[in-house]
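*Asks:* If you read the protein sequences in the order shown, they are chains Z and S.
Residue numbers 21 to 253, in our numbering, belong to the letters of the first sequence in order.
Residue numbers 2 to 362, in our numbering, belong to the letters of the second sequence in order.
The set of hints was computed from the structure by calculation and includes no laboratory data.
Just so it is clear, the structure is predicted and the values come from calculations on it, not from any experiment.
Misleading hints may appear alongside valid ones.
[Claimed, not checked] One-sided excerpt, in silico: chain S residues whose CB lies under 10 Å from chain Z:
id	residue
1	R67
2	N70
3	A93
4	E94
5	L95
6	R96
7	E98
8	I103
9	Q104
10	I106
11	P110
12	H111
13	L124
14	L125
15	A173
For glycine and all other residues, C-beta sits at the position ideal for the given N, C-alpha and C.
Single-letter residue listing:
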Amino acid sequence: MTLEVAQLQIHHRTDTCESRNGFCPSWIADHFGDYVHPFLQHLVLTVLAVAIGFAISFTLALVAHRRRWLVNPITQVTGILYTIPSVAAFFLLLPITGRGTDTALVALVSYVLLIIFRNVLAGLDNVPEETRDAGRGMGLTDSQLLWRVEIPLAMPEIMAGLRIATTTTVGLATLAFFAGAGGLGEKIFSDIAYKSNVVVAGGLAVLLAAALDGLILLTQRAITPWTRAVAQP
Amino acid sequence: MHSSDSAHTSGPSSRPAAATLEFRDATKLYPGQTEPAVDSLSLTVPAGDICVLVGPSGCGKTTAMRMANRMIDMTAGDILLDGRSIKERKPAELRREIGYAIQQIGLFPHLSVADNIATVPRLLGWSKERIRARVEELLELVSLDPGETRDRYPGQLSGGQRQRVGVARALAVDPPLMLMDEPFGAIDPINRERLQNEFLRLQREIRKTIVFVTHDIDEAIKMGDRIAIMQRGGKLAQYAPPAELLMQPANSFVEDFVGADRALKRLSLQRVRDIDLWQGDEVPYELVTDEQGRPVSWRSPDGRQSPATPVLEVDDVLRDALSDLLAEEAQYGPVVDERGKVVGILSIEILAHALHEEVGA
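The following block holds chain S by itself, in its conformation from the complex (with noise of 0.2 Å):
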């Protein structure tokens, strides 16, 4: 498209695409506390990846989250933006290379959807057509009609869409960190169930560093390529994948944030494309298929027939696999690729095995 070449031609392409973010002892003591709200945490995001700081509430991971673009000034350590020093720069100009988006989103309601996203393209001077070339292509990236969303205003759209709106406006100058602040809390589960897919599919185009904070271990585990869990007091209890979190947890602690159930967290981790399917003599019964491949019914040695339920789709993870399976009481089910062609069966024994083997990392 011709509006979005030109976007990207005159985009700010001498700035790195991701940077890398270090918290170097940071620590924030607020005034007349004894505690500090953030105590020296030191940790690394590779650039590129999603950084998820989890915790209870007044674990300090937003303070952290906040002491990153300045918006709260640490009181000792240091913080590194592709190894330089955050201290050294001016507050807004620091702010203005770093996205942010908070969880009730902050949209400025007296700015059509347009003027919103244009907030730092604004402020860094960009020119009138870059800025229109600019918005168009932020809003088919988060997958808004421009041309419908465009000249609304904040208060004329539904909970998601102003959400999506709030990532294209951390987006509008392609900054290399993006800090997010529940940015899904506001919304309903099943809404932000498809807002979580859809970031973490828009991510894989971008590949940003991002700083994400949640209070939910559920959310840490599916966004987090590393998840930080804090614990009161502002420590850090644990920086690690979350295959590792939930295999290893460093403390009671972490092993009580992440819950009993973290074996099934864990099946949360993988889809059943990452494992070895059954591929038929491991079953009493035959599965028939119609001429496309797709299933049909099983087959008994005598004949009879019964539904081939539950079919179970490649991209499913193997949490939901199983809640399938446990639902229709069955010990298996067909699996089917995307175009419903069957690729394998999928049963309990495999998940069981699954569970004992090492799980992503």
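Looking at chain Z on its own, in the form it has when it is part of the complex (with noise of 0.2 Å):
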């Protein structure tokens, strides 16, 4: 098998640290320099899933939100993508995108459109309707409502949605080498015995979630100030 070779190549078989498959501050310390290439390519892979599934479920969203027969049909079809198994759609992609990146992208992208694509037009919906009817009152027309007034008051929805699909996407990325896409699945699924192996590259995707979904969180803070402004007694 091509994992026990791995695993010969990784640690020898000696009566040491590495040999017990323990967890080896220096070994760590030696090799971390090996996790850096599948940590920027899972970091590369969930950026590019999530920018790309944003970009398609938000106009998604906002075409529903004017028509809102739409809302049906979309839902449903995302929500097949979403059910299918990763693994499985991985496979079946090869025949058509081949392996590497793209099947993998293809595959993740999938798997955020409905939770974007949901929470985009909810937080469109949950626009008070006094404040649209005040601001068709006003003189504004329907894009200047929604990009000055609907979008704007959606954004702790449309943010919240984004911090679950990016959560999720570096969950699913670790699979993204069965499509020969690399990232950190590579590396935990290469040793999967050897603690130190996976103690590092499962700790770096979860320090990478972890990560980006602060960054998201921050982002939503600096844009919606009003949500945290409070009555002055």
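These two chains come separately, so use the hints to put the complex back together.
*Replies:* Have a look at this one:
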């Protein structure tokens, strides 16, 4: 098996920390550089997938916001994409897009569509009717109302959707190596019995998810100051 | 003040301060309905007047108001703003010229008070400095402290403050017509009373043409120069100044709607200063005053003194004055001016006479 070969390459089977598959700080310090490239692959894969997914589902939500009859069909299609098991999706796509980043991206993007679509739509729907009415009554055109009032007010929900989509994608991207797209998953599964390896590769994935989540949260706080403004006595 | 001066000189001075609004057989029939929501409404609101549309729910008063800025497009008839049909206007452009204030106020929660007020000026492409100055001027006009309020979000304001900001926003580009849909509806009775008075004072300054929708006949009588009472089916039952409405209701619907206490309501239309007061000889007691002329007590012919209550003010409406007299079980009471000086005596007898005479109009 390829996995066993990889295992042997990573450490020698003498009676050391490494040979006991333990948690070995010195080994980690020596080999940390090996994880940088998979980490960056993982980061790029996640950011690209979420960005493309956001662009598609945000557009779909804007279209469906004005044409309500589109909500159900879009929800159903993105819902079906959401339920296909990811590994199955990678293999299904192989004959079409071949091994590599493209295949992984297509699968990952199709997962975030439903999450972001639903959140953007919910955010737009939650804009109070009287706010919309006041905007129209003051002479805002439909597109001015959308960009100046509805979208800013939907921002908390939109950003919440983005957070869920991002953390989910970091997790799913660990399976991207099945499609030949590398990433931290490749490292994890290269020696799943070796604690040091799993802790570093898995830890980096968790760290990436937390960092991206924090970044989006900070952005949200910066662009929605009104949500934290409280009544003064 | 410098800033407000500059706002004024750069203001839209070419626009008339107030416009005449005319409904001509304006009708709205919603698709699938057999009965129109507004049925050939014809009425003219003179420039600078407050026209109150009042009636029970479902009478079409809000629909009628919303037709004026094309938030609802009429099915037949016409509406003229300063003689020009609103049907020839692009809805968005028309609306920017018409102030709009609604019950829930509809301030944008994500924008500061200043940015809320600046909405229409920005749509019209005003310069930054002009907008800044105008915001300052408007906040002062509605009795809010610009320094304290400007940068707050609507969520940080009280209901009354929000309402004032709503009015300031509706006034932002000095529109010749304002539409107000139950603007004081969501406010507690005490603050509503204050905001109504404040708004009437403001209106005396700005003299806008205003269409004001309410379901509350007392508010209509208080706010309206003219009142349009509407009944179910979108029909206009009567269009008249408040006094005429109370004295000569056009039909039994109007009579019911203004209420059995319409005689009392007429007392709300006049203030103590509007009627002839007694000057002392008509009462059996002598009114004792201090050096400043303020009332102290009543002195009976045999020298006994009793408190001179209630003390009434010239600016009280007759209804409140009557209420005070009844509460004190008094036949009459001294009336004082703004400085507290006695100017006459008001009695229940005078009030009864006032009701017989033609009121207001």
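*Asks:* Does I106/S pass the interface check with chain Z, least Cβ-Cβ distance below 10 Å?
*Replies:* 7 Å, holds
*Asks:* Using Cβ atoms only, decide whether Q104/S comes closer than 10 Å to chain Z, and label the hint accordingly.
*Replies:* 8 Å, holds
*Asks:* With 10 Å as the cut and Cβ atoms as the points, is H111/S at the interface with chain Z?
*Replies:* Given a least distance of 5 Å, the restraint on H111/S holds.
*Asks:* Let me know if the C-beta of L95/S comes in closer than 10 Å to any C-beta of chain Z, holds or violated.
*Replies:* 7 Å, holds
*Asks:* Verify the interface restraint on E98/S: the C-beta must sit less than 10 Å from at least one C-beta of chain Z.
*Replies:* 8 Å, holds
*Asks:* Under the criterion of a CB-CB separation shorter than 10 Å, is P110/S in contact with chain Z as hinted?
*Replies:* Because about 6 Å separates P110/S from the closest Cβ in chain Z, which is inside the 10 Å limit, the hint holds.
*Asks:* Hint validation: L124/S versus chain Z, beta carbon distance must be below 10 Å. Holds or violated?
*Replies:* Holds. Min distance 6 Å.
*Asks:* Please verify that hint: R96/S, Cβ, nearest Cβ of chain Z, below 10 Å or not.
*Replies:* Check passed: Cβ of R96/S comes within 4 Å of chain Z, closer than 10 Å.
*Asks:* So, R67/S near chain Z? Judge it on the closest CB pair being under 10 Å.
*Replies:* 8 Å, holds
*Asks:* Holds or violated: is there a CB of chain Z closer than 10 Å to the CB of L125/S?
*Replies:* Holds. Min distance 9 Å.
*Asks:* Are A173/S and chain Z close enough, Cβ to Cβ, to be under 10 Å, as the hint says?
*Replies:* 9 Å, holds
*Asks:* Checking hints one by one. Is I103/S an interface residue toward chain Z, by the C-beta closer than 10 Å rule?
*Replies:* Cβ of I103/S sits 6 Å from chain Z, so the hint holds.
Checked against the numbered hints given earlier, the structure satisfies every one of them.
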